[in-house]
Amino acid sequence: MGMTLTEKILANHAKREAVSPGDNVWIDVDLLMTHDVCGPGTIEIFKKEFGAAAKVWARDKVVIIPDHYIFTQDTYARRNIDILRAFAIEQGIKFFYDAGSPDYKGVCHVALAEEGHTRPGEVLFGTDSHTCTAGAFGEFATGIGNTDAAFIMGTGRLWVKVPPTMKFVFDGDMPQYLMAKDLILHIIGDIGVDGATYKAMEFAGDGISALSVEERMTLCNMAIEAGGKNGIISPDEKTLRFVSERHKGKIEAVYGDQDARYESVKRYNLKDLEPVVAKPHSPDNKAVISEVKGTRIDRCYIGSCTGGKVEDFRAAASILRGNSVKVDTFVVPATTEVEKRLKVEMIDGESIYSILEKAGTQIAGGPSCAACLGGPSDTFGRTKGDEICISTTNRNFPGRMGSKQSQVYLASPLTVAASALRGVITDPREFIR
Amino acid sequence: MKDIIKGRVYVLGNDIDTDQIIPAQHLVYSLSDPEERKQYGRFALSSVPDGHAGLPAGNIRFVDEGECLSKYNIIIAGKNFGCGSSREHAPVALNIAGVEAVVAESYARIFYRNSVDGGFYLPFETGEHLFKEFRTGDIAEIDVKKSALMNLTTGKSYKLNPLGDVEEILTAGGIFAYARKSGKI
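Read top to bottom, the protein sequences are chains A and B. For what it's worth, the numbering used here labels the leading residue of the first sequence as 1, then goes sequentially. For what it's worth, the numbering used here labels the leading residue of the second sequence as 1001, then goes sequentially.
The set of hints was computed from the structure by calculation and includes no laboratory data. Computed from a prediction, not measured in an experiment: that's the story for all the values here. Quick reminder that beta carbons are idealized off the backbone N, C-alpha and C, glycines included. Hints may contain errors.
What the hints assert, rightly or not - Derived lysine-lysine pairs resembling DSS-like cross-links, with alpha carbons at most 30 Å apart:
1. Lys1146(B) with Lys1159(B)
2. Lys15(A) with Lys248(A)
3. Lys404(A) with Lys1071(B)
4. Lys404(A) with Lys1038(B)
5. Lys1038(B) with Lys384(A)
6. Lys1071(B) with Lys1145(B)
7. Lys48(A) with Lys1038(B)
As the list claims (entries may be wrong) - Chain B is nowhere near these chain A residues, computed Cβ spacing over 12 Å in every case:
8. Lys55
9. Asp60
10. Phe71
11. Ile93
12. Glu115
13. Asp173
14. Met174
15. Ser244
16. Ile251
17. Glu252
18. Glu274
19. Glu337
20. Ser351
21. Tyr353
As the list claims (entries may be wrong) - Heads up, incomplete: computed chain A residues facing chain B, CB under 8 Å, no partners named:
22. Asn24
23. Val37
24. Cys38
25. Gly41
26. Thr127
27. Ile144
28. Leu373
29. Arg400
One chain only, chain B, in its complex shape:
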């Protein structure tokens, strides 16, 4: 787990569901095949309706045409991020596209759990209504230990909720590493 995550922000609104994160027709690629695996990155967030893709302007692709890696490594979203299906392909797709942290007002719990147990990135929650404070393309920095987020483009800083009791799992790198470390398996 990195102490500082810095990079370009992609902004989304409320209730971004897993079908928008990775649509059902793309849940078929093998994760162990390095070429097929990239397809998850290519189609990450591909079904977000155009007007909502990359707020506030909208119509901004998360991953450029022909690419499998996103220019954006931090996602800022509203409430209930990741609602819907239990498909782990959703956090996996964000991970393969290069996401290192998601900051949302709240998460749907299966998605949150998948993010944590797979150790795909840091899922932060925040009491603040942040998606109106950031523009897609802003540069941000997260201080993981201090649970702090700074918008380097505007100079404003924000408080994140501490990772809490899942921090141990995230630090270990996922549920398997955590369970081995703590003698559960």
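Here chain A stands alone, though its shape is the one from the complex:
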């Protein structure tokens, strides 16, 4: 019996011929990522368990990326970054993208890809649930807590239960009005926020092959919103080109077997799908755009690991160009690289950055997770009171963007941009030329 892509990667890393769903295996880890929210706690457990003088198992396999609490005066939040810095120096961590330094990158999941840390066939663990983003590169990537991360830090190994794989196939051509965010919100709406609990979600089909690498990241990013252990897409030419431009070492792509066993296969035809939003307060509270258009909003938010990449802003700018927003619209580039590219990438001779600025959006002073997760009270774009926000982020649980009373709708950058222009939830097809 053949193995799925996820099973094959896990078998390779467990040094076994084969694994089956439900097996508990100890695997070797290629990369551990941590950030400023969970890094300090991880370091504390690492020192407690392995001793004050302990060294990480491989100083070039631990990547530390502060991103969550960056532009805040909160003293505790700033202390977190000081702890990471001291540890990185003490351990000689090779990849530490320090806040406030020229190495600063911004949101970890996007920065990991930009810096060539996400690679086909490998195993990546990160202390952030959206670590599953990196499945877009054909690797096994998933989120863990501080204790597991500390265990990896000391040993380079961890136990995992092999998940069964659910396959989602998208057939046909991607219409201009749809984005990867629409596809994943469709899936989550269909299967529910626990529909893929402890399972791998594999995305396939012509529709997926046609997606850019960034769009694939959006898709895999939200596997966790369905409870998935990991999202994954088989590597292809686009993947290999993207990775080889950023990573000089060997790339050993792994592919699933033809006769692999899937727990379920669900097919979608792209021409049948409409833009969707997730209504408050759950990512599976799906509504097609016609059901919610006209809903009043107080603010819009374009940013985060899932919605703050160049492609996301290109999509938003294609709608905002030559128009003015009617409600406060917050823009947060995910990384310094995204921020740079917004200034040089053009739409009809005008930079994306300039289009966003002229449309009257408020652009953050620098890249970070910002209000995607609330954060300290002075966080850029954090919701207040009972504000209604439509956002390109990945979660709309109560209080997620700050205020417990606020309501958050999730949507694609196209839908958020169209809504910003009308001040009510708007179908992007009204603006697509």
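Position chain B relative to chain A; hints supplied.
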């Protein structure tokens, strides 16, 4: 690991996510500083919307104003408990607030794993739809070895799923103790 866990129950519904268990602005306190550590208990379950906090009545705080320890040491919840973020601060916060057992219909797996590998409390699953069978404040008793739960207030008893292959880790007290015991490190 205790054989019997007895105490007061706090009831929650489906899909209680980690932002509700411990909101992002509170993920900054040091766990090694005994005073700061208490803040996690103080803010545990502080972002559950009022109507859903302590079912069925709602509007019941998990931790009283000014306190860091909860009156409730057993949580009964619906499906997908702990969905969302990977923050281990969530199970830690429940542990610091004094939780000894959580009984949910199902868990989000990162949260479940964090609960087990950190050895913070016993995370039981149950095939039964229990959150409508209990009221916040009921007294309950869990017989760990028998995987049985009894509502001492109503006299009704319920079956819990056995802890299964994670029992060894929980018995050891977490993944480090387990790995040392079994020669993995």
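Verification of the hints:
| no. | hint | in the structure |
| --- | --- | --- |
| 1 | Lys1146(B) with Lys1159(B) | 9 Å, holds |
| 2 | Lys15(A) with Lys248(A) | 25 Å, holds |
| 3 | Lys404(A) with Lys1071(B) | 24 Å, holds |
| 4 | Lys404(A) with Lys1038(B) | 22 Å, holds |
| 5 | Lys1038(B) with Lys384(A) | 27 Å, holds |
| 6 | Lys1071(B) with Lys1145(B) | 25 Å, holds |
| 7 | Lys48(A) with Lys1038(B) | 19 Å, holds |
| 8 | Lys55 | 14 Å, holds |
| 9 | Asp60 | 21 Å, holds |
| 10 | Phe71 | 14 Å, holds |
| 11 | Ile93 | 20 Å, holds |
| 12 | Glu115 | 21 Å, holds |
| 13 | Asp173 | 34 Å, holds |
| 14 | Met174 | 29 Å, holds |
| 15 | Ser244 | 30 Å, holds |
| 16 | Ile251 | 27 Å, holds |
| 17 | Glu252 | 26 Å, holds |
| 18 | Glu274 | 25 Å, holds |
| 19 | Glu337 | 24 Å, holds |
| 20 | Ser351 | 32 Å, holds |
| 21 | Tyr353 | 28 Å, holds |
| 22 | Asn24 | 6 Å, holds |
| 23 | Val37 | 5 Å, holds |
| 24 | Cys38 | 6 Å, holds |
| 25 | Gly41 | 6 Å, holds |
| 26 | Thr127 | 6 Å, holds |
| 27 | Ile144 | 6 Å, holds |
| 28 | Leu373 | 4 Å, holds |
| 29 | Arg400 | 5 Å, holds |
In summary, the structure agrees with every hint in the numbered list given earlier.
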